[in-house]
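So you can see what is in the structure, the chains are spelled out below.
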Amino acid sequence: MKSLVIIEHKNGVLHRMSREAISGAQKIGGDITALVIGENAESVSNELSNFEIEKTFIVNHELVPSYNVDGYKEIIEQVVDSISPNIIITGHTYQARDFMPRVSAALDIPFIPDIVELENSIYIKQVLNSKLNASISSSSDRVLISFQSASYSEEDIIKGSSRSESFDVDLDSSSIKSKSDDPFQESASEVDLESAELIVSVGRGIEKEENKSIAFDLAKVIGAEVSASRPVVDAGWLPSSRQVGSSGSTISPKLYLSLGVSGAIQHVVGMKGSKNILAINKDPDAPIFEIADYAVVGDLLEIVPKLITALQDS
Amino acid sequence: MKIAVLVKQVVGSESSLDISPDNKWIDESNATFVMNPPDSYAIEEAMNIKEKIGEGEVVIVSMGADSVQKVIREALSKGADRGIHIQTEGAAYIDPLNTAKNIVSALDEENFDLILSGLQSDDTGMGQTGVLVGELLNMSTATLAIETDIDSEKIRVKRELESGWFQWVTLESPASISIQSGINQPRYPSLKGIMGAKKKEIKVVPLSLHETKQQVEKISIPQKSKETEIINTDIDSSVKRIVEILKSEVKVF
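Those sequence lines, one after another, are chains H and B. Position in the first sequence counted from 1, then plus 72, gives you this note's numbering. Position in the second sequence counted from 1, then plus 1048, gives you this note's numbering.
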């Protein structure tokens, strides 16, 4: 078994889901090659050299200094031609969703995305709003897959030492059909959710913008950061830098305490790796309770103020 | 500008989900169907682009059993110009590459300037068909567009990245773009639109079979992996238990 893991990084900082992808590739076993593309690839390859993999390929081409879908497709095609991997792996990030289908169509091999489990070449994927699982097989001798966040743990990565080498690609500027401006944020980042130990998360169930103060009050008492689900951010109640989920941050804090978060799959993928999940919701059938360690059924607007007082008193 | 919108009919979020006797999908005879919600944003964006440019055509492309003509009509009643229905027998699972190749055959000689699609379907969630079609037709591609700036001169989209980051991308024409949900407010059909839709053309194209490279072997109910303590008592007891959990079990202090 040979696998190729496509690494995602921002200015040389490795995406956590790329670590999870390495961890998953190690579970699958066999020879693992990691591929890092772009400027700043060196610092990423330094971190990868501490993992038990065969090697890291570095592609630093002037036409693809940072992420570009056309450039990635061309580069991955050439690496695949060179090493003939059985399986090509990424984390299921927004970037992977952008380039993996291009590679799939270009090489005529299936892309099975957002996998939560893999056993004996059967790929398990959630379907129908994550209410059911589909077990998918592939009859192709090569397959592209992406892992849902927290399907494999970065803490399980087997350490070791590996080499890195530069991989030469042949790119023509005519193959680059899209040009990307620099990424930007619309509001300055207020928080670093990914390194917070404790998180209080706000969902649509807080009902009104002014009620967000009780989340901040609770967070202050226990020393937590405040995050939000997408509807709260779309309503403009909290900035997008506080959003957790597939379009926001992916977190795995010691405590994730949610207030009125229903638990849509787009949110759950960003927090299901949390060590302890305590959810407060008045709907006993809220999907968040399926993954909670503690499911508190009740009105958060009544419970939380009393909880704050009780915590202050104790 | 000639714009195609890829639209799928999916099982509704409130539908019953009984697993079919062969365990390979759900029993669709008990299910209710809707237009895939993310696709309504792609239709609205296509209409907005056509209206902004002041000329052009919006064509709805959908693959599936005869029932998908309902979602094509729904889009036509919102103002799309015509439909293309790639007809399948029953509701067998067709993998994304196969779907994309069928769409490519159906779009042959249409020469669309733009193909828009929703970011993913609510049933299988493969999230790739629009990009596959784009690559197969040698178009430029972009995904998760949260704003578009498109006219006869240029194609620019603002892509949503993760964690509150965005990026403008300029694409060569023709382009296939997937639309992030929430980009606009999808319109409702007007009465006039509903009446007008009945006269609009839906071209039916037969399915062409290609090699199937991925298959659903089994559908199952997810196993719950952890024990959940349910706290559903009076408020004071709930608060007391939460304090105990935070202090003694999670040890937040």
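If you are wondering where the hints come from, they were derived from the structure by calculation, not from laboratory data. Mixed in with the good hints there might be a few duds.
Chain B is nowhere near these chain H residues, computed Cβ spacing over 12 Å in every case [said to hold, decoys possible]: (1) 95; (2) 98; (3) 102; (4) 142; (5) 155; (6) 228; (7) 229; (8) 232; (9) 240; (10) 242; (11) 342.
Heads up, simulated PhoX-like pairs for lysine-lysine below, C-alpha to C-alpha not over 20 Å straight-line [to be verified]: (12) H/251 x H/292; (13) H/378 x B/1295; (14) B/1288 x H/378; (15) B/1118 x B/1246; (16) H/347 x H/326; (17) H/251 x B/1202; (18) B/1272 x H/203; (19) B/1266 x H/203; (20) B/1288 x B/1299; (21) B/1206 x H/82; (22) B/1299 x H/292; (23) H/326 x B/1295.
Where chain H lies over chain B, by a calculated footprint (3+ residues, C-beta under 8 Å) [claimed, not checked]: (24) 1062-1075; (25) 1093-1105; (26) 1117-1130; (27) 1237-1250; (28) 1265-1278; (29) 1290-1299.
Virtual Cβ for every residue (Gly too), placed ideally from N, Cα, C.
Taking 8 Å as the C-beta cutoff, is the stated coverage of the stretch 1117-1130 of chain B by chain H satisfied by three or more residues?
This one is violated; 0 residues, fewer than the three required, reach chain H with a Cβ under 8 Å.
Checking one constraint from the list: CA of residue 1206 of chain B to CA of residue 82 of chain H, max 20 Å. Satisfied?
holds (18 Å)
With the threshold set at 20 Å, check whether the alpha-carbon distance from residue 1288 of chain B to residue 378 of chain H stays at or below it.
holds (9 Å)
Stated coverage of the stretch 1062-1075 of chain B by chain H [criterion: 3+ residues, CB within 8 Å]
n = 3 at 8 Å, threshold three: holds.
Assertion that chain H covers the stretch 1290-1299 of chain B - criterion: three or more residues, beta-carbon distance below 8 Å
The restraint on the stretch 1290-1299 of chain B holds, since 7 of its residues have a Cβ under 8 Å from chain H and three suffice.
How does the coverage statement for the stretch 1265-1278 of chain B fare against chain H, requiring three or more residues with Cβ below 8 Å from a Cβ of that chain?
holds (count 12)
Hint check: residue 347 of chain H vs residue 326 of chain H, CA-CA at most 20 Å. Holds or violated?
holds (5 Å)
Does residue 1202 of chain B lie within 20 Å of residue 251 of chain H when you go C-alpha to C-alpha?
holds (12 Å)
Verify this label for me: residue 142 of chain H is non-interface relative to chain B, using a Cβ-Cβ cutoff of 12 Å.
Answer for residue 142 of chain H: violated, closest chain B Cβ roughly 7 Å.
Residue 326 of chain H paired with residue 1295 of chain B [C-alpha distance capped at 20 Å]
holds (13 Å)
When you check the alpha-carbon spacing of residue 1266 of chain B and residue 203 of chain H, does it fall within 20 Å?
The hint holds at about 14 Å.
Is it the case that residue 102 of chain H keeps its Cβ farther than 12 Å from each residue Cβ in chain B?
holds (21 Å)
When held up to the earlier numbered hints, the structure conflicts with 4, 11, 12, 25, 26 and 27 and fits the remainder.
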